[in-house]
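Chains as they are written, first to last, in numbering that gives the first Met the number 0: chain A, 0 to 365; chain B, 0 to 365; chain C, 0 to 365; chain D, 0 to 365.
To be clear, the hints were calculated from the coordinates, so they are not data collected in a lab. You may find that some hints are simply not true.
Pulled a few chain D residues facing chain C out of the computed Cβ check, cut under 10 Å [what the hints assert, rightly or not]:
1) Asn13
2) Glu16
3) Leu18
4) Val59
5) Ala345
6) Ser349
If you're wondering where the values come from, they're calculated on a predicted model, not measured in any experiment. Where is the CB? At the ideal position from N, CA and C, for every residue including glycine.
Protein chains: 4
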Amino acid sequence: MSEISTQFEALNLNELEPLARGKLTQSAYDYYSSGAADEITVRRNQAAFSEISLRPRMLVDISNLQTSVSLFGQLVSMPILVAPMAFQAMAHAQGELATARAAAAANTVMICSTLSNYSIEEIAAVANGNLWFQLYVYKGREITRSLVRRAEAAGYKALVVTVDSPLLGRRERDVRNRFQLPKELRIANFEGEETLGQFPLNVRESGLHAYIAELYDRALTWKDLEWMVSITKLPVLVKGILRGDDAVRAIECGARGIIVSNHGGRQLDTAIATIEALPEVVEAAGAKAEILMDGGVRRGTDVLKALALGAKAVLLGRPILWGLAIAGPQGPAHVLQMLRGEFELAMALSGCPTLQSISDDLLVRK
Amino acid sequence: MSEISTQFEALNLNELEPLARGKLTQSAYDYYSSGAADEITVRRNQAAFSEISLRPRMLVDISNLQTSVSLFGQLVSMPILVAPMAFQAMAHAQGELATARAAAAANTVMICSTLSNYSIEEIAAVANGNLWFQLYVYKGREITRSLVRRAEAAGYKALVVTVDSPLLGRRERDVRNRFQLPKELRIANFEGEETLGQFPLNVRESGLHAYIAELYDRALTWKDLEWMVSITKLPVLVKGILRGDDAVRAIECGARGIIVSNHGGRQLDTAIATIEALPEVVEAAGAKAEILMDGGVRRGTDVLKALALGAKAVLLGRPILWGLAIAGPQGPAHVLQMLRGEFELAMALSGCPTLQSISDDLLVRK
Amino acid sequence: MSEISTQFEALNLNELEPLARGKLTQSAYDYYSSGAADEITVRRNQAAFSEISLRPRMLVDISNLQTSVSLFGQLVSMPILVAPMAFQAMAHAQGELATARAAAAANTVMICSTLSNYSIEEIAAVANGNLWFQLYVYKGREITRSLVRRAEAAGYKALVVTVDSPLLGRRERDVRNRFQLPKELRIANFEGEETLGQFPLNVRESGLHAYIAELYDRALTWKDLEWMVSITKLPVLVKGILRGDDAVRAIECGARGIIVSNHGGRQLDTAIATIEALPEVVEAAGAKAEILMDGGVRRGTDVLKALALGAKAVLLGRPILWGLAIAGPQGPAHVLQMLRGEFELAMALSGCPTLQSISDDLLVRK
Amino acid sequence: MSEISTQFEALNLNELEPLARGKLTQSAYDYYSSGAADEITVRRNQAAFSEISLRPRMLVDISNLQTSVSLFGQLVSMPILVAPMAFQAMAHAQGELATARAAAAANTVMICSTLSNYSIEEIAAVANGNLWFQLYVYKGREITRSLVRRAEAAGYKALVVTVDSPLLGRRERDVRNRFQLPKELRIANFEGEETLGQFPLNVRESGLHAYIAELYDRALTWKDLEWMVSITKLPVLVKGILRGDDAVRAIECGARGIIVSNHGGRQLDTAIATIEALPEVVEAAGAKAEILMDGGVRRGTDVLKALALGAKAVLLGRPILWGLAIAGPQGPAHVLQMLRGEFELAMALSGCPTLQSISDDLLVRK
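Isolated chain A (complex conformation):
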């Protein structure tokens, strides 16, 4: 069993954020940490985990814990993946490269954002093939097709289509900061392209908001998802689903995975917490697709609860960036190790030696 990493002054993932804040510009910290509007969903994602109580089982032999999980034929060492997050080089110059190396070392998957500071190919070069590619859908199918082809060519093993962002949520801290990407950083996948490769300048609000308002496809529908499935042999996951009926529809369009997500509370404020939405999605679609979730995962017991409610794995987001900001290239690996250790301890103390033994019978909800 893994020890919980003690490489940080922080003893758990919650303690990372205040430390990271001191290492980041206000603008970068706000971009990473903020959510939409009153940030009710940001807080709710975490609080909803705390409101679930555990009923552990005793006297189960937990001397040999099994945590590896197979996703679309790819074996990963634990049900904790790295969520797609944009612009990681604001946290450290190595950015996505460091995160990819950490995921590879942990033998888990990193999902790379379309909006990365290193390109699809640069990241693939360091990551030993445990990458998935997250796709924002731009107006014009050629941009999408090109990104898919590049990801396939670089050896990415799945596509994650984000469907909750036809427009950017109103992140007021970014508006106040008139958020712009630092000058030295690139939207690497579109480097050199005039419109796609940089935020509009001289806008009164968030530059990212303006970029997305101009470029993303607001007319996206299920037919477009069908088309995306049709142009690749990679498994397609749909990220941003919060309803059972939408999950069923996604699968009918050919998706093989669903990521229950509210974009970390960054899109529609007062959206349901993901751990609250998960059971409905699992019930509707759990038999036909892999169900993953993200949002608010900070403790090993959170991972356990998500799995008990039917998730195959969870994605870890912001804490990875905090690790990067605090400890540089070593940070993300420490963060993954902290959560892995906590998760294994939660399994042990709940009497769950395998992932299969984690059932909703362990939970009491108020």
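Using the hints, position chains B, C and D against chain A.
Okay, now just chains B, C and D, sitting in the frame of chain A:
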């Protein structure tokens, strides 16, 4: 789709109030902001919106949002109207004139209070016919009849009869301030009339309280509503309903619209939040009348939730006054534009391209 | 309709307590305000009222409110009585005499505590016959019989037997203060009697606690209640009931009234709030006895809610003492007038012109 | 009836902790007081008691309270036992000896931890036979067998097998302090044994964590429980059960008692509060075994509630240590006396003269 206005330092409607407070006398601020007794209902109106979670739909084409709504044959550009509010010239000398111009510019309806600082006719002169008239019922039918005739003559398109105020609620901040209208301001609709045209002086409590205690008709019943319907061809809405049975009764008396309202928490403290009362009223009377609501609307998602629960439109109150106090005649238009932008974003991120597509299937209530 | 009194700087009953605190010794303030243990029930009594929402009725003629109520053949002007409270002369030298005069002036009932600083006869001399007598049951029936005879002779119209205090609750503030009656004050009903007439001295805890531990009858049962009913022709009310089955038993023993009470949170901490216990008692016994309640009543809407749940009247406690401390002999009358005014306003704004029209259809409980 | 002890400046058990904190090293205080991770379960154990309301019965003769209870043929004076707690000599040099003397004086049971600073035999020498022995199960059956034999030989009357700790919970305060046993203290039951007798030194985390990670048996199962039952004639209780099915299983393996416990919130954070888990265990197994509970008991009403939900007795933990730290060898007796007094008062004010009369009919849960 509309941008959210950034004319203010405030980034949302909640941030307006503290800014406005610095621009107003204590007495005017307290009059506008306060509620009855412990102000439990004031706070509950807003909190009740936050307790409703959203289950957004994905992959709906939202490139072309439709927000206009027809009310009694009048097409308004969005389901957000201006609530009746008294004495707007305490916020800015242009008072109701500025608000009326803003509503007209936004192609929505302003509901003018009986207790305005500009007269029925003065407001009508600037507002292009998108006005409704809010009626307090005084003792003596001739006063009422006269107000109705003047509103009709000035081109107002509906009458809103407020039924929750046979007496004024106990607004303790007004009592403490011994609230009086500033000397330079008039009760414009009764200018020059000795009793009707001014508050009683030398009272130990709120002057408005004394005015209403002396003049309003405490014996008002459903028969009086029937009579009011009988004397006008304008559609009559009843404002201040919080029960399904009362809504049915109002319609039986000839009302064509119901405004679910607790007077912004200013009348009966611990009255039910309006968003909590709305479903009962819609179920009882939604098929037979237009149901509107006010109380606590501050976010685009609040509008979405009210519509999902069956409201045809919402009324926006205090934030309009805060805009007037902060930015003068331009303020109300900015406020309307902020909320319109947020509402459209909420539609987009919820997968609702039309008002008709907003259903209670979007909501989870705890 | 009554105006809400504005004789105080305080605008409502909640604002009285901090003002009174400045007028009282720490020991007296703590004795009056404190409750048992963690004071959870003290707070819960009030909070439970706030958690009930009102669904007011509109367009009811409220120009002529009826608030008088008949209790055991005695007509009182409003459903608000004065609760029994010990040692009122700690608040003002006139003590119970002032309170009795205020109750008489308001044409309501004062319930006099056994543990008063003026005697049964002294209070009766100023109160015009609107008095009930509250009885603590001492060891030895002769003490009880004597008190009953004196109350009868002095014209008291009902007996209130407190049954929740076979021992005193653990009021930790009194323990810390080693609470003793100020030297100049008497336990007037036992003046001159060595044991009954004073607290034990030199005890390490609350003197009242020691007094009661020594003198009250811990072996009291329903048979004793039967006996008390048998020795008087006055109606007997039982105070301190929190269960329907106990209420039924009391009536079987001859009681004609039940006072739902947890002794203002001063006896058993974490006891149920009285407004929460009331419906069970009304359902079990409301048809056979008058049900009253006390505990946490601070607002006119609280009175309305208690009546809506079946109480015939409420008792007002601590705020009377705060009034006495702040304004001397005039204080209790002002306090009664404040609450009467608020209650009438609550009736008016809820559409209830009579006490009979106040039903539980007005309420929503979470 | 017992008086509540006033030997302390503290008036109740909650007030002990801050006083004790001033007497202890940070490391010892943190070890005693802390829980796992965010300490949600630590707080929840106590809060869950407060959320249960009491419906007391009146007019029951409570002049002669019966509080003694028979456990496995041993009569104890009250349903309050001393929970097993490790390393009590950090609080006072007399440590477990003082606690054992206090339990003996109170005629109740002390459960001695395997990890004590005085040995099985030393404690037995001062305790008059009212001891049970708590057993941690080490790798290698001989260690266990030896401990059992020693406890039997020393006259301990029951064995308490702790099953919730195959690994130590993550107590972050101990990690931060790199918790080690003070140099002058011994793991007395293994004195002189190199591995068993001391914590590993030079570890980066809690020394106790490392000790347990190395020595405890993570492969423990129900078969091992059967074996333990088979090697002794003493009654065996299983401590750390939070589920009905586990309780049934334990009894099938020969256990005669169940202690519903989450280890004071020190093992699996967000585990269900014990008072919330108790009813399920009582329902499943109450007829076949003695059910005890610990966790969060601080008030006499807490004991009453646990008994009302079917516990035969409760265990008191941390407050005993606070008493030891504050008042030395006299402390534990005072603490037991405080809680006994409060419990008897709770019985009296609830109308429960005997333990048998305490039923769940007294409770209302939200």
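Consistency of the hints with the structure:
no. : hint   : result
1   : Asn13  : holds (8 Å)
2   : Glu16  : violated (14 Å)
3   : Leu18  : violated (14 Å)
4   : Val59  : holds (7 Å)
5   : Ala345 : holds (7 Å)
6   : Ser349 : holds (6 Å)
In terms of the numbered hints stated before, the structure departs from hints 2 and 3, listed from lowest to highest.
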